[in-house]
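**Q** Sequence:
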Amino acid sequence: MYKQALSDKLRLYDLFRLHKWRKDFRKAHPHMFGPIGTMIFCGAQGKGKTLSAVNYVCNVLKDYPFAILVTNVAIKDYPFNAYYKVISGQGVLFDKATDDIITSEEIIAGNYMRVCIEYDGLDTLKYVCNGEYGVIYLIDELHLELNSLESKNIDIDVMTEISQQRKQRKHIVGTSQVYMRLAKPLREQIFDVVICDNFFHCLQFNKAIDGETAKEEDGKLKATIKSRSLFFHTPEMYERYDTFAKMKRYNKEWQGHKREAPVYTYTPPQERSKKK
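In the numbering used here, the protein residues as written are 697 to 972.
Simulated from the structure, these hints should not be mistaken for lab results.
Treat the hints loosely; a few may be bogus.
What the hints assert, rightly or not - Cross-link-like lysine-lysine pairs, in silico, DSS-like; alpha carbons within 27 Å at most:
| no. | residue 1 | residue 2 |
| --- | --- | --- |
| 1 | Lys-792 | Lys-772 |
| 2 | Lys-880 | Lys-916 |
| 3 | Lys-880 | Lys-822 |
| 4 | Lys-922 | Lys-743 |
| 5 | Lys-719 | Lys-705 |
| 6 | Lys-716 | Lys-705 |
| 7 | Lys-918 | Lys-743 |
With these hints in hand, go ahead and build the complete structure from the sequences.
**A** Structural data, given as C-alpha cells:
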C-alpha cells in the first residue's frame with residue numbers, strides 16, 4: 697500500500713467550492729432522478745406492504761415525472777404502454793400502441809407521459825434504461841424472483857445491475873413477506889427495509905430500518921430504526937392497483953432449471969363487483 701496516496705488536502709475553502717458545484721450541477725440537471733438503491737417493504741399478508749410500496753412509488757413519480765416505471769403491479773394511473781426489445785445487446789424501448797421507438801429525449805420533451813413497462817423477468821433490470829431521468833422498479837413478491845434457496849444461481853449480470861443502481865439512476869422497490877427469504881447477495885445490497893403493519897385495516901404504521909445492520913434473531917428482524925411513518929388508508933389507495941392479482945415467477949428458465957410461466961391478469965374493481 698502507498699500510504700501517501702490515501703490522503704489529500706484538508707481545506708475549509710473546498711467545502712464552499714463543493715457546495716457551489718453541487719448547486720450548479722443540480723441547476724444544470726433539474727430532472728435528474730434522485731432515489732437510488734434497493735428498498736424492500738416487508739410484512740405478513742394484510743399488513744399493507746403492497747399498498748405502502750405502491751403509495752411510495754406513486755409519490756416518487758409525482759416528483760420525478762420523467763422516470764420510467766417497470767412493474768408487475770397493474771396500477772390504474774400507469775397502464776402498460778411501452779415494451780422493450782434487445783437489439784445488438786442494447787435495450788430499446790417501443791410505444792405499445794404505435795411501435796415507435798421511445799427515447800429519453802422524447803420523454804423529457806413531453807411526447808411520452810407516464811411510460812410504464814410490464815416487468816417480465818430479471819432481464820428488465822439490465823435492458824431498461826432512461827439516462828439521468830431514471831427507472832423505478834416496483835416488483836411485488838420479489839422473493840419469488842430472488843430467493844434465498846436459489847441464491848447460488850443468481851446471474852452475475854443481474855447482481856451487477858443491482859450493485860450499480862446509483863450510476864445508472866435506477867431504484868428497485870420490492871415487497872416480500874419475510875425479509876430473510878430474499879437471496880443473500882440481494883440482501884447485501886439493500887440499505888432500506890420498511891416493516892409494514894396496520895391497525896384495523898385502516899391505519900398504516902411503517903418502520904424504516906437500516907438494511908445493513910438488519911439480522912434475524914429468534915424469528916424476528918432486528919435493526920436500527922431510521923424513521924417511522926403513520927397514515928390512513930384511503931379509497932384511492934385501494935383503487936389505484938389490483939389488490940387481488942396473483943404473482944408468479946417470471947423467468948421460465950434460470951440456470952437450466954425450468955420455472956413457471958407468468959400468469960397475471962388485471963380486472964378493474966368495478967368489473968369485479970359486476971361479476972359478484
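**Q** Just to be careful, I want the Cα atoms of Lys-792 and Lys-772 compared with a cutoff of 27 Å; is the pair within it?
**A** This hinted pair holds, its Cα atoms lying about 17 Å apart.
**Q** Given the hinted pair Lys-918 and Lys-743, is their alpha-carbon gap at most 27 Å?
**A** 18 Å, holds
**Q** Would you mind confirming whether the straight-line C-alpha gap from Lys-880 to Lys-822 stays at or under 27 Å?
**A** 20 Å, holds
**Q** Can the restraint linking Lys-922 and Lys-743 be considered satisfied, given a maximum Cα separation of 27 Å?
**A** Status holds; Cα separation ~20 Å.
**Q** Would the hint linking Lys-880 and Lys-916 be met if the CA-CA limit is 27 Å?
**A** 17 Å, holds
**Q** Given the hinted pair Lys-719 and Lys-705, is their Cα-Cα distance within 27 Å?
**A** 22 Å, holds
**Q** Could you grab the alpha-carbon distance between Lys-716 and Lys-705 and see if it respects the 27 Å cut-off?
**A** 18 Å, holds
Of the numbered hints given earlier, the model fails none.
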